[in-house]
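Visitor: The hints should help you fit chain B onto chain X, whose structure is shown.
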Amino acid sequence: MNFTLFVLIGFAVLLLLLLAWVLRDTSKLSKPNADLDSADTPHVAFFPQVRQALAEQDSAYLSLRGMHELSRRVRKERRKIAMAYLTCLRGDFLKLWRLARVIASMSPQVGMLQELQRMQLGLAFSLRYEMIRIKFLFGFAPLPELGSLSEVVSGLSIRLETAMKDLGERTALAAKLASSLDRRWLDTP
Amino acid sequence: MPLSVQCIWAGIILGQLSVLILLFVVRNSRKVPFFAAYIALNLCQGGFLVILASVPGIRFATYQNLAWASECVTLVAQALATTEILGITLRPYPGIWGLVWRALVATSALVVMIVTLASHFRGAAWFQLNRGYHLTFASAVIACLLLVRYYAIQVPAAFKLILGGFCLNSCVEVLINTFIQVLFHKGYEVHQAVWQILTMLSFAVALVIWVVALRKPFPVDDRRIASLTDSAYRQLSPEVNERLRELNEKLLRLWKLEARPQ
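Chains as they are written, first to last, in my numbering: chain X, 1 to 189; chain B, 1 to 262.
It cannot be assumed that every hint is accurate.
The following label-pair restraints were derived from C-beta to C-beta distances [claimed, not checked]:
#  : chain 1 : residue 1 : chain 2 : residue 2 : range
1  : X       : L116      : B       : R91       : 16 to 26 angstroms
2  : B       : Q192      : X       : E130      : 36 to 46 angstroms
3  : B       : V205      : X       : R24       : 12 to 22 angstroms
4  : B       : F48       : X       : R24       : 36 to 46 angstroms
5  : X       : L116      : B       : F34       : 29 to 39 angstroms
6  : X       : L123      : B       : G98       : 16 to 26 angstroms
7  : B       : M200      : X       : K135      : 37 to 47 angstroms
8  : B       : P2        : X       : V13       : 22 to 32 angstroms
9  : B       : R27       : X       : E130      : 36 to 46 angstroms
10 : B       : L146      : X       : E130      : 18 to 28 angstroms
11 : B       : R215      : X       : I81       : 50 to 60 angstroms
12 : B       : V211      : X       : A84       : 48 to 58 angstroms
Straight-line distance between alpha carbons at most 20 angstroms, and here's what the computed SDA-like set of lysine to any residue pairs gives [what the hints assert, rightly or not]:
#  : chain 1 : residue 1 : chain 2 : residue 2
13 : B       : K31       : B       : T83
14 : X       : K95       : B       : F218
15 : B       : K31       : B       : A79
16 : X       : K95       : B       : R149
17 : X       : K80       : X       : I134
18 : B       : K31       : B       : F218
19 : X       : K135      : X       : T87
20 : X       : K95       : B       : Y150
21 : B       : K216      : B       : F24
Keep in mind that the hints were calculated from the coordinates and are not lab data. Using N, Cα and C, we set each Cβ at its ideal position, and we do this for glycine too.
Looking at chain X on its own, in the form it has when it is part of the complex (with noise of 0.2 angstroms):
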C-alpha cells in the first residue's frame, strides 16, 4: 500500500476518533466551582517544612551519632512525605491550570501569546515534576529542582491574581457605567 494512503488513512481514523471524544458529554467539564471550591489549602506553603525535612544536617547527625539504620530510615521517611508533597504541588497547578482557563473563557480577549506561554509553563512543569518524581524515586533528594517548581507554581498565582485583578476591576467600571445610567434614569421627570 502507499505510504500517503496510509498516512490519510490513519488521519480520517484519528479524526473520527477524536471527533467521538470531543463530542462526548461535557458536562462535568463544564463545572470549574468543585474545583475552585477546594482550592482553600495551597501545598505551597509547606515547601519550608519539606525543604527542613529535606535536609543533610539531620541524617549527618544521625550517622554522627552511629545510629546509621535510624538514619536510613528517617532519610526513607522524609522522601516518602515529600514525594506526597510533589503530588499535591502538582494537585495545585492543575487547580490554578483549571481557574486560569475559566479566566480566559470569561475574558473579552484571550491573548494568543499568553495562552502559548501557559501551555509552555504547564509543559515545563510537567518535565521538571517527572524529573523531580524520577530522582525521589531512585533515592536522591533534589531540593533546588523542588524549590523552582514550587516557585513555578507561585508565579503562576501572582499571575493570576494580576488577571483577575483586571478583570475585576473592568467589570467594577461597566457596573459603575451602568448604576450611573440607571441614576441618570431616575433623574428624568
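Guide: Same frame as chain X, but now just chain B:
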C-alpha cells in the same frame, strides 16, 4: 446511473426535504440561515443534476465537470454553515472565538499544504480535491471543538449533532476515497457506482443525525457573559461580578497563604 444509486439518491432528496421542512416548521431556520441555505443548495444541486442528465447528447466528461463544479458551491456553503454554528456557540466568548477562528485558519492552511504536497493529481483531480477539502474541513472543525472542550464551553446538543454530522460525513468521505484508491488500482472512474453509493450512504447517515438534531427548537441562548447591550449587561454584570469576586478572593487567599512569613 444504476438503479441502486438512483434509489439511494431519491432517499437522500427525501431526507434533505425533511431536514429543510423541519428547519422551517420548528423555526430553527432563522437561527441558522446558512445551514438552511446549505440544505436548500444541496436540493438545488440535485435538481441541477437531473436537468443536466436529461440534456440530450451531453458528453460524460462535461456532465462530470459540471457536477463537480456544483459540488464546489455546496462545499463552500457547508464551510459557511459550520462557521455559523461555531460562531453562535462561541458568541458569548469573544476572546475564545478570536482564538478559534485563528485556529480554524491555521489548521486549514496547514492541512491544505500537506494535502497539496501529498497529491499527485494523476487522472482524478476532482476526487483528490474533494478528499483534500473534506480532510481540511474535518481537521479544522475538530481542532475548534478541541479548543471548545479545553475551555469547558457548553455546546448545545443540537449544534453538537449538526457539527458531528458534518465531520462524520467528511471523515467517512476521506476514508471511502482512499480505500477505493487502495482497493481498486484502476482508478476512480471505473468504480464510480461504488463510490457514489458509499458517499451517498455516509451523507444519508449525516441527514439522519441532523433530523434528530432539528426535531426540537434550538435552546434560547442565555450565556451572554460578555454581552455589551445595556439592559443585558445591567442584568448580568452583578452576577458576573459576584463570581469574579469569589474567584478573586480565593486567589488572594491562595496567595496570602503562599506568601506567609516563614
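Visitor: Run every hint past the structure and note whether it holds.
Guide: Verification of the hints:
1. X:L116 <-> B:R91: 16 to 26 angstroms: For X:L116 and B:R91 the Cβ distance comes to about 24 angstroms; the hint holds.
2. B:Q192 <-> X:E130: 36 to 46 angstroms: violated (53 angstroms)
3. B:V205 <-> X:R24: 12 to 22 angstroms: Taking Cβ atoms as reference, B:V205 and X:R24 lie about 19 angstroms apart, which means the hint holds.
4. B:F48 <-> X:R24: 36 to 46 angstroms: Cβ of B:F48 to Cβ of X:R24: about 39 angstroms, so the range 36 to 46 angstroms holds.
5. X:L116 <-> B:F34: 29 to 39 angstroms: holds (31 angstroms)
6. X:L123 <-> B:G98: 16 to 26 angstroms: holds (23 angstroms)
7. B:M200 <-> X:K135: 37 to 47 angstroms: Roughly 59 angstroms apart at Cβ, these two residues miss the hinted range, so it is violated.
8. B:P2 <-> X:V13: 22 to 32 angstroms: Cβ of B:P2 to Cβ of X:V13: about 29 angstroms, so the range 22 to 32 angstroms holds.
9. B:R27 <-> X:E130: 36 to 46 angstroms: Distance hint for B:R27, X:E130 is violated at roughly 54 angstroms.
10. B:L146 <-> X:E130: 18 to 28 angstroms: holds (24 angstroms)
11. B:R215 <-> X:I81: 50 to 60 angstroms: holds (58 angstroms)
12. B:V211 <-> X:A84: 48 to 58 angstroms: holds (54 angstroms)
13. B:K31 <-> B:T83: Roughly 13 angstroms between the alpha carbons, so the hint for B:K31 and B:T83 holds.
14. X:K95 <-> B:F218: violated (34 angstroms)
15. B:K31 <-> B:A79: holds (17 angstroms)
16. X:K95 <-> B:R149: Holds, at about 17 angstroms.
17. X:K80 <-> X:I134: holds (13 angstroms)
18. B:K31 <-> B:F218: holds (8 angstroms)
19. X:K135 <-> X:T87: holds (14 angstroms)
20. X:K95 <-> B:Y150: Measuring from Cα to Cα gives roughly 14 angstroms; hence the hint holds.
21. B:K216 <-> B:F24: holds (11 angstroms)
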